[in-house]
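There are 2 protein chains.
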Amino acid sequence: MDHYQGDHHHQQHDLHEQHRHHHHGNESDAEALTSPHDSTSSPRDKHGLHTPLLQRKNTLLPEASYSVEKHQAMVGANVCPIESLDYELIENELFRQDWRSRTKHEILQYVFLKWTFVFLLGVMTALIGFGINMAVENIAGAKFLAVTKFMSTRGFVASFLLYAGSNAVLILLGSMLCVYVSPAAAGSGIPEVKAYLNGVDAPNIFSPQTLLVKVLGCICTVSGGLIVGKEGPLVHVGSCLASILGQGGSKKYHLTWKWLRHFKNDRDRRDLVTCGSAAGVAAAFRAPVGGVLFALEEVTSWWRGPLLWRAFFTTAVVLVVLRTGMAWCKGGACGLFGEGGLIIFDVEGVKSEYGLLELFPVIVLGIIGGVLGSLFNSLNSKIVVFFGGVLNKRWPSAKVVQAVLIALLTATISFVVPWFAECRPCPEHKVGVLPIGAECPTHGRAANFKGFHCPPGTYNDLANLFFNTNDDATRNLFSIGTGGEFRKSSLLIYLACSYFLAVITYGIAVPSGLFVPAILCGATYGRLVGMLMGPIAGEDSLDEGVYALLGAASFLGGSMRMTVSLCIILLELTNNLRMLPLIMFVLLVSKTVGDSFNDAVFDIHVFLKGFPFLDAHPEPFMRHLTAKEAISGPPITFKTVEKVGTVVDVLKTTRHNAFPVLEENGAYLCGLVLRSHIMVLLEKREFLPRLDDSYDAEGIRLSSADFAKPGSGKNLKSIGDLHFSAEVQEMFLDLRFVTNTSPYTVVETMSLAKAFTLFRQLGLRHLCVIPRKPRPNEGSPIVGLLTRHDFMPGYLHEMHPHLRS
Amino acid sequence: MDHYQGDHHHQQHDLHEQHRHHHHGNESDAEALTSPHDSTSSPRDKHGLHTPLLQRKNTLLPEASYSVEKHQAMVGANVCPIESLDYELIENELFRQDWRSRTKHEILQYVFLKWTFVFLLGVMTALIGFGINMAVENIAGAKFLAVTKFMSTRGFVASFLLYAGSNAVLILLGSMLCVYVSPAAAGSGIPEVKAYLNGVDAPNIFSPQTLLVKVLGCICTVSGGLIVGKEGPLVHVGSCLASILGQGGSKKYHLTWKWLRHFKNDRDRRDLVTCGSAAGVAAAFRAPVGGVLFALEEVTSWWRGPLLWRAFFTTAVVLVVLRTGMAWCKGGACGLFGEGGLIIFDVEGVKSEYGLLELFPVIVLGIIGGVLGSLFNSLNSKIVVFFGGVLNKRWPSAKVVQAVLIALLTATISFVVPWFAECRPCPEHKVGVLPIGAECPTHGRAANFKGFHCPPGTYNDLANLFFNTNDDATRNLFSIGTGGEFRKSSLLIYLACSYFLAVITYGIAVPSGLFVPAILCGATYGRLVGMLMGPIAGEDSLDEGVYALLGAASFLGGSMRMTVSLCIILLELTNNLRMLPLIMFVLLVSKTVGDSFNDAVFDIHVFLKGFPFLDAHPEPFMRHLTAKEAISGPPITFKTVEKVGTVVDVLKTTRHNAFPVLEENGAYLCGLVLRSHIMVLLEKREFLPRLDDSYDAEGIRLSSADFAKPGSGKNLKSIGDLHFSAEVQEMFLDLRFVTNTSPYTVVETMSLAKAFTLFRQLGLRHLCVIPRKPRPNEGSPIVGLLTRHDFMPGYLHEMHPHLRS
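In order, the protein sequences belong to chains C and V. The UniProt record's numbering numbers the first residue of the first sequence as 1 and each following residue consecutively. The UniProt record's numbering numbers the first residue of the second sequence as 1 and each following residue consecutively.
Hints are computed from structural coordinates only; laboratory data are not their basis. You can take every hint at face value.
What the simulated footprint calls covered on chain C by chain V, stretch by stretch (three residues with Cβ under 8 Å from a Cβ of chain V suffice, anywhere in the stretch; the number is not a length):
{"no.": "1", "region": "300 to 308"}
{"no.": "2", "region": "738 to 747"}
If you anchor each label on the Cβ, the simulated ranges turn out as follows:
{"no.": "3", "chain 1": "V", "residue 1": "F112", "chain 2": "C", "residue 2": "N265", "range": "41 to 49 Å"}
{"no.": "4", "chain 1": "C", "residue 1": "H105", "chain 2": "V", "residue 2": "R323", "range": "51 to 59 Å"}
{"no.": "5", "chain 1": "V", "residue 1": "F112", "chain 2": "C", "residue 2": "D615", "range": "18 to 26 Å"}
{"no.": "6", "chain 1": "C", "residue 1": "T749", "chain 2": "V", "residue 2": "D649", "range": "28 to 36 Å"}
{"no.": "7", "chain 1": "C", "residue 1": "T153", "chain 2": "V", "residue 2": "G305", "range": "52 to 60 Å"}
{"no.": "8", "chain 1": "V", "residue 1": "T646", "chain 2": "C", "residue 2": "P620", "range": "36 to 44 Å"}
{"no.": "9", "chain 1": "C", "residue 1": "E629", "chain 2": "V", "residue 2": "G305", "range": "26 to 34 Å"}
{"no.": "10", "chain 1": "V", "residue 1": "A616", "chain 2": "C", "residue 2": "S489", "range": "53 to 61 Å"}
{"no.": "11", "chain 1": "V", "residue 1": "G645", "chain 2": "C", "residue 2": "I107", "range": "49 to 57 Å"}
{"no.": "12", "chain 1": "V", "residue 1": "T646", "chain 2": "C", "residue 2": "V111", "range": "48 to 56 Å"}
{"no.": "13", "chain 1": "C", "residue 1": "E629", "chain 2": "V", "residue 2": "G131", "range": "54 to 62 Å"}
{"no.": "14", "chain 1": "C", "residue 1": "H105", "chain 2": "V", "residue 2": "V111", "range": "49 to 57 Å"}
Beta carbons: idealized from backbone N, C-alpha and C, even for Gly.
Work out the full structure, taking the sequences as your base and the hints as a guide.
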């Protein structure tokens, strides 16, 4: 095995270089990051085929197409090593004993804990969601009040400076937290959650500091006036909470409870994180059913029946906590939060009769949404790649500067553009006789008229959109019975500006959701189409607010490509079930149109970040490859009883995570042993003095709890930290005790597509490939191991260039 | 292999006896049924262990616990042989060539067809659903008009005789159709759909005559006044349509289109049937999203992302067709169908503020629902088992008599009980001054006051419930603002009667849904609880109609144990999103309570019918068994090139569906060959004159189309129908050409739980078990085959009695 050593050391060196370079604000994790831990694939460099691939490791994102093949990914602004999760049932001596000894009481405790966890998860997610909303409303409200006061007393320049300055400070805060404390908190977080639930684990994506930065950063960016939402971040927050709960708190911050540390495998954690993402959506939109469906449709890769039921319980808890909080706020205890709170755009009581004539504008909206949505995806990804390539080569602070510049640009646009808008008289028919000198009255939470610089009795329709929180702007667009509130030109200007800002904003180093930008753009052109349709449809026309809703649906469908979950979220948001058929159709059309151009936005970002994501189905070209053709070399194997020195050497020189164990001088396959399990044996110093010794069940001091997998992003102790005397090196390890004796296997002639199906459906990390004809005493009983990376289309194309056609 | 022959012949003889006995009205399928076709398991009888099992084959259902182990199930009133479906990718020479030659045009055509199919499916399901509703409303409406007229002119006896007589005739018709034409159409059909989507195929469950009987029978039973619904049957109808579409029409009725015959495997058909079940629910409740979720939560066993999107499209089509139909009916073109049409219980505009106080009655309702629902499940299953045991021993006409007797009982109760009720004056506050001699006015579709035998100006509150269609009774219970319409005693009487009738009705030989009975019972006690809560909560109390809705939710949850889908169906039904949190909670409580008593009602019926249903998770005891321990004997194997005579002999003497193929004198496993594929080779007479010949790609006259799997319930040609001359018997078959060279395999020491996971997740029919240590020239390279039956808990417990503890 010596011939690998050189290459691997060189490779590790590169990795370390890079980490040191990018992980400034992240010292606390330095240890974890510099340890060599994930290389589930076979040593490809031996063949020379992949050397170009490996040499490109230092470049980052200018050419996105190769990033999926490496064992590292962009998380936030940094490159991190990634690991694969493992959902396989490990069957070895130890766990077998564990099952047999599990009592009824322990099973009951386990069930009870599962439900306690989701209950806690619901409560905590709801509280955080509520807190974010309250903080945003208060900070942004105070900001707008102050600026409005300045405008009447000190004039344009002073008020602009106050507005732009306060926004810039807020964003500076948010992006500094994000860049220096936890880069994994940047963006919406949905790609990270999606990748995790697909079986990819990157360090820090669910760590406590990510959670903290996500919450604080989200408050800063949303109240700082950027065109971003708090929905995606809340999904990430819910998942973080779930992950932290699932691993029993955080060791680093000494917040651990022993009774919570009960989820010892990736399957249970996966379920909990799924519930967490559902809770996040539920808290963001107050949409319990929508949350469950979002988790099901968008973020999970595996779904189990009982999970539906547990996720539903979680979101129900979220709903109750939110309702309680809002009831408490009604008394005015929450400052500027007011009574409405949370985004709920009530379009109840609207005319709901519509005929076949309305199908025409619905189709038009769907097509616009599909085109603009997919265009958004492609423009945004190009910009992210461009800035990723430019800025990551410089110092990370460039990311902060970029964020602040975008904040200033947003503030300028949203302040200067309405300044040049014409003032319009308050709508008489709504307000009756207007007391002289008064502002236009707001009716309820909807249609919040902004005077801006206009004289009393008039309002500025552009300021209604620009000079407002995103939630209030959306509410204005959705408002019912306010036909004619906006001019067509105003809507067009706002559409262009918000689209432009949304494109450049998503992807910068702040927590930023994508739902609100999509809803804003969509609602704007939706209302525009409604205004154009008004004269055509005449009396029977649908309300402009309804068109705005349909427009929002179309943009969301065109960009995110969800169907059922978006439909339900919008229904729960607007509280009007009669809209269902129209929303369904607009989503069907916009998704179809969008799908013909490019991928869904979150899928694009999963790819850009370099997560090795396994799709639900194999690519068609995989049918032309056999399993053997995807393997790049023979595996490194162990004997059932192996010398300590040999094991340590192998662990030091390779980064493989699993090793086939052969019995009887390599005659047949005994099973698969995980690096992490060998490490436990080494750490606990379970050595045998002689070759013919063996652990017996009583003799060993280990229990299955010692082999419990640490939580997400927690890395194993490095082999480099363990030192063994020469005497110990001559002793033996009995690997049979920890060998998974029944790994899933496929025959070498199986098509890669079929092997993929097995690998993906069962959520494996390693798949053993066995020879078709066993040749005892002739060849190895194992051809190789397939891992996640061996199924990546990019890697396969590079290995078999003739398949590209 | 000769030693199996005797046992198998005997066994087949028994089977034929039984079929002849039970399949009177079903001659057309006699051929299919008498052919020996499914025995995927190893020949267990050899061991003597299972002889008691096989000898019990003639008894039917008195002891339900063993029925799962046999290769037959109760479909409708009859016992039918069942098959397993296969979702494995078959990889042999032939299909490999097929993939490689598939053009872009063919792929496009395939995608286009998939969408055309679901479009057609949506349209047809909606039309049938609409037709059923229209027919029921017209028939039942005419019946009630005539009886009411008789009541005023001819008195009690004459009108009762008319009422009971017309009901009895309708039920007689429905049950005769069901018993003599298509027994598979009995019941709700949801267990059958569920079993099919789990991979179990029983003949006739999706045949054209089943479709026809289901539609006509459903019209008869619902308009015949039984306490049954049309929702379950509509799910079955949608699935039937899907299955018939998926296999390209029906050959028997000469309704085939060549361009439709494009779905050649079970996977595509499974997807289509899933969409069909969603369409059925959507058509029944006008609940498009609820339909998709119902399919997802209740009926499917495998779910794929793209399916969500296609099912959603299907239900959207259903919705549009229904809306168009209803718009067309508004002009009065549909007779008594009226404007409302379809069950929609509008509780819009109801007071939606509720505090924590309302959580108390919600929990109470949930507990009542859980208790009554699970009690319903257990009483109903006991009655079904009892009558199944008694009636199936007699002539099938006993089933018709049973149905008519229950119809007469229902008619008697619903006519006689209101006769003794006190007349109540019309609610003054609703109607103002009442013209003398007028009936109580109905307000809208809701609160349909029935005069019955009462004098003008008064109404009979029991007749409002009893002497009405089930839909109108439900509407009365759900009606808003009609507090005090019912007396508490009336509700109690109705609850007792409808619960009793529902328990004895579900399971008789007519198409009968379970949603309506559950909603009726639940709404009744819900309203009762609401009346009791009224004085306690005072002014702030929720409307009695809302309590009725919550009661219905609780009974549904307590009996069917669904959560998200029921929640959405009820929301779409009642058109009030504000009810969401309350409905969620009531469902959570009632499901929890119900789950602590017994299984969901459809799961119980899947079990009672003897479908070998695979749960999502292995039973805990399976961890203590190895794969080898579930196998009962060595498999019958073939060589790669085998004499025709040998092959024919084996096929004649066993009913196995797959045979391992060994190469090089049994040294290693070449793959698995399906009986159906061998049959094609035999039928097409692809014989080799000499042992050392071989088909080459050009020489063979077969294409992959010849191997396409026939549709559901279509059985393969029997080996007994083929005759070969002595000369041919000496020729050879090259099985390599049709052998699946990469079957999924597991090692013999793998725990059965882990093998189950593989088997279930990938939807396999056969799973090869290979020895841990390959012993060339010593033993077989294959230990055995695991099939669906080998994973059935009942079978395993019988084999390993010590596991029962």
